[in-house]
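Novice: Protein chains in written order, with this note's numbering: chain A, 1 to 267; chain B, 1 to 97.
Take the hints with a grain of salt, since some may be wrong.
To be verified - Cut-off 27 angstroms, straight-line C-alpha distance, at most; resulting in silico cross-link-like pairs (DSS-like, lysine-lysine):
hint: 1; chain 1: B; residue 1: K47; chain 2: A; residue 2: K254
hint: 2; chain 1: A; residue 1: K221; chain 2: A; residue 2: K82
hint: 3; chain 1: B; residue 1: K47; chain 2: A; residue 2: K255
Claimed, not checked - Quick list of the computed label-pair ranges, beta carbon to beta carbon:
hint: 4; chain 1: A; residue 1: A262; chain 2: B; residue 2: H46; range: 26 to 34 angstroms
hint: 5; chain 1: A; residue 1: L124; chain 2: B; residue 2: H46; range: 16 to 24 angstroms
hint: 6; chain 1: A; residue 1: K82; chain 2: B; residue 2: R59; range: 37 to 45 angstroms
hint: 7; chain 1: A; residue 1: V121; chain 2: B; residue 2: L27; range: 35 to 43 angstroms
hint: 8; chain 1: A; residue 1: A117; chain 2: B; residue 2: L27; range: 46 to 54 angstroms
hint: 9; chain 1: B; residue 1: L27; chain 2: A; residue 2: Q152; range: 20 to 28 angstroms
hint: 10; chain 1: B; residue 1: A80; chain 2: A; residue 2: I141; range: 25 to 33 angstroms
Hints listed in this document are in silico derivations from the structure and should not be mistaken for laboratory results.
For glycine and all other residues, C-beta sits at the position ideal for the given N, C-alpha and C.
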Amino acid sequence: MPRPPRPSRIARRPSGCYRVARRLSTPLLTRGTKKRFPFLFLTTFFFRSVLRRRFALGLGRLAVFAFAVFFVLYHLCYENIKHHTDGMEYLSDWTFVLLGAVFGMFSAFSLAPETFASENVADLAVVAHSVMWPTNILSTIGAWYSFVFFPQCVALEGVDNYPWCYLEWYRLSEHGLNMIMLGLDGYFGNVPIRRGDLGHTLVFMAVYTVWTWYLQFTTGKCPYVMFDFNAGWESVAWFNAAMAGVVVAFFLVKKAYDARDAKNAKP
Amino acid sequence: MNTMDDYIPSDAEVVEGASQKRPAAILVAHLISMVLWVAFAMYDIHKHAAGNRAVSPARVGAANGKLGVTRYAIPRPRSAMTRARARVSPRPNSARA
Numbered sequence: 001m002p003r004p005p006r007p008s009r010i011a012r013r014p015s016g017c018y019r020v021a022r023r024l025s026t027p028l029l030t031r032g033t034k035k036r037f038p039f040l041f042l043t044t045f046f047f048r049s050v051l052r053r054r055f056a057l058g059l060g061r062l063a064v065f066a067f068a069v070f071f072v073l074y075h076l077c078y079e080n081i082k083h084h085t086d087g088m089e090y091l092s093d094w095t096f097v098l099l100g101a102v103f104g105m106f107s108a109f110s111l112a113p114e115t116f117a118s119e120n121v122a123d124l125a126v127v128a129h130s131v132m133w134p135t136n137i138l139s140t141i142g143a144w145y146s147f148v149f150f151p152q153c154v155a156l157e158g159v160d161n162y163p164w165c166y167l168e169w170y171r172l173s174e175h176g177l178n179m180i181m182l183g184l185d186g187y188f189g190n191v192p193i194r195r196g197d198l199g200h201t202l203v204f205m206a207v208y209t210v211w212t213w214y215l216q217f218t219t220g221k222c223p224y225v226m227f228d229f230n231a232g233w234e235s236v237a238w239f240n241a242a243m244a245g246v247v248v249a250f251f252l253v254k255k256a257y258d259a260r261d262a263k264n265a266k267p
Numbered sequence: 001m002n003t004m005d006d007y008i009p010s011d012a013e014v015v016e017g018a019s020q021k022r023p024a025a026i027l028v029a030h031l032i033s034m035v036l037w038v039a040f041a042m043y044d045i046h047k048h049a050a051g052n053r054a055v056s057p058a059r060v061g062a063a064n065g066k067l068g069v070t071r072y073a074i075p076r077p078r079s080a081m082t083r084a085r086a087r088v089s090p091r092p093n094s095a096r097a
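Kindly produce the complete structure, drawing on both the sequences and the hints.
Specialist: Listed below in structure tokens is the structure:
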């Protein structure tokens with residue numbers, strides 16, 4: 001009579017050696033240990049709670065949100081009132097404010113998931129996230145293109161101090177730090193980019209364009225000289241190139257996010 | 001002009017700039033471009049509205065990885081044996097469960 005198949009090693013009860021090894025490798029935080037070494041207990045507690053990636057991600061998002069609030073209050077409000085700097089004239093100002101709002105929502109979902117567990121707010125956050133990525137890319141690429149090929153310090157700040165007008169802390173925040181923060185959130189976060197949100201990105205750009213038209217008609221100055229009506233037919237080409245650029249940026253980001261999600265979905 | 005200060009346009013400059021004539025053909029071209037892009041945006045939103053899967057609030061807040069928890073937060077050590085056992089009989093609070 002053939003012998004019944006031996007149960008696999010996995011199904012068998014762990015051997016004595018394994019049980020001993022497991023006991024030794026388990027943190028020995030018994031009551032006595034906690035009493036004798038409270039610092040050790042606190043350290044372990046600290047790492048067990050703080051190193052949860054969700055919590056850490058939430059803290060990072062909260063830090064970005066706090067910086068965005070500082071940016072709005074100090075640069076867009078205080079400096080603008082005092083020195084009449086660019087308020088909400090430029091696309092990068094809009095995209096940075098949007099970035100702050102999105103990170104505020106994200107930090108709430110990470111740190112207090114039970115409080116903010118609303119599907120409608122989650123959907124709004126995902127749409128805003130999809131709008132935020134390509135528009136931030138456009139404003140950043142546009143700024144560095146301008147820095148290299150199309151310097152306009154006088155138009156931007158009224159002073160000819162190239163290249164320093166591009167290297168102000170707020171411009172570097174809007175055209176450099178924003179991409180770092182977005183990249184980190186894309187790497188550590190889990191928010192998807194959905195194909196259906198491309199249209200919202202274009203609507204956002206259209207609303208900003210109407211704002212620039214309003215500025216042109218009321219102040220006579222367009223925030224971007226290349227989009228000025230008086231620049232001729234070139235301005236039409238620039239406008240369409242900007243909209244097409246946003247579309248390209250959206251699909252590039254979507255491709256990167258899809259690759260990330262596919263990698264995470266592997267067992 | 002003091003180079004430390006930002007440029008503030010005078011009222012006269014603002015009035016002059018606002019009242020200057022702009023080429024009508026360029027304005028119309030901008031307007032047509034805008035209408036076409038917005039129409040495409042609306043069409044695209046409508047077309048893909050059904051395909052947009054709802055995202056759960058848990059996913060929006062979650063970090064990458066197994067339930068967003070590092071191995072440091074898992075109470076048992078993660079050896080090859082514990083991983084293998086988890087595949088056979090997942091614990092209730094297991095990351096894979």
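Novice: All the hints need checking, so say for each whether the structure fits it.
Specialist: Now for the hints, and whether the structure bears them out:
Between B:K47 and A:K254 the CA atoms are separated by roughly 18 angstroms; this keeps the pair inside 27 angstroms, and the hint holds. For the hint pairing A:K221 with A:K82, the CA-to-CA distance comes to about 21 angstroms; that is within 27 angstroms, so the pair holds. For the suggested pair B:K47 and A:K255, the alpha carbons sit about 20 angstroms apart, so the restraint of at most 27 angstroms is met. Restraint check, A:A262 to B:H46: a C-beta distance of roughly 28 angstroms satisfies the suggested window 26 to 34 angstroms.
Between A:L124 and B:H46 the Cβ separation comes to about 19 angstroms, which falls inside the hinted range of 16 to 24 angstroms. With their beta carbons about 43 angstroms apart, A:K82 and B:R59 fall inside the hinted range of 37 to 45 angstroms. Checking the proposed 35 to 43 angstroms range against A:V121 and B:L27 shows it holds: the Cβ atoms sit about 40 angstroms from each other. Separation of A:A117 from B:L27 is about 48 angstroms and conforms to the stated range, judged on CB atoms against 46 to 54 angstroms.
The beta-carbon spacing between B:L27 and A:Q152, approximately 23 angstroms, falls within the hinted interval of 20 to 28 angstroms. Restraint check, B:A80 to A:I141: a C-beta distance of roughly 47 angstroms breaks the suggested window 25 to 33 angstroms.
Against the hints set out earlier in the document, a violation occurs for number 10 only.
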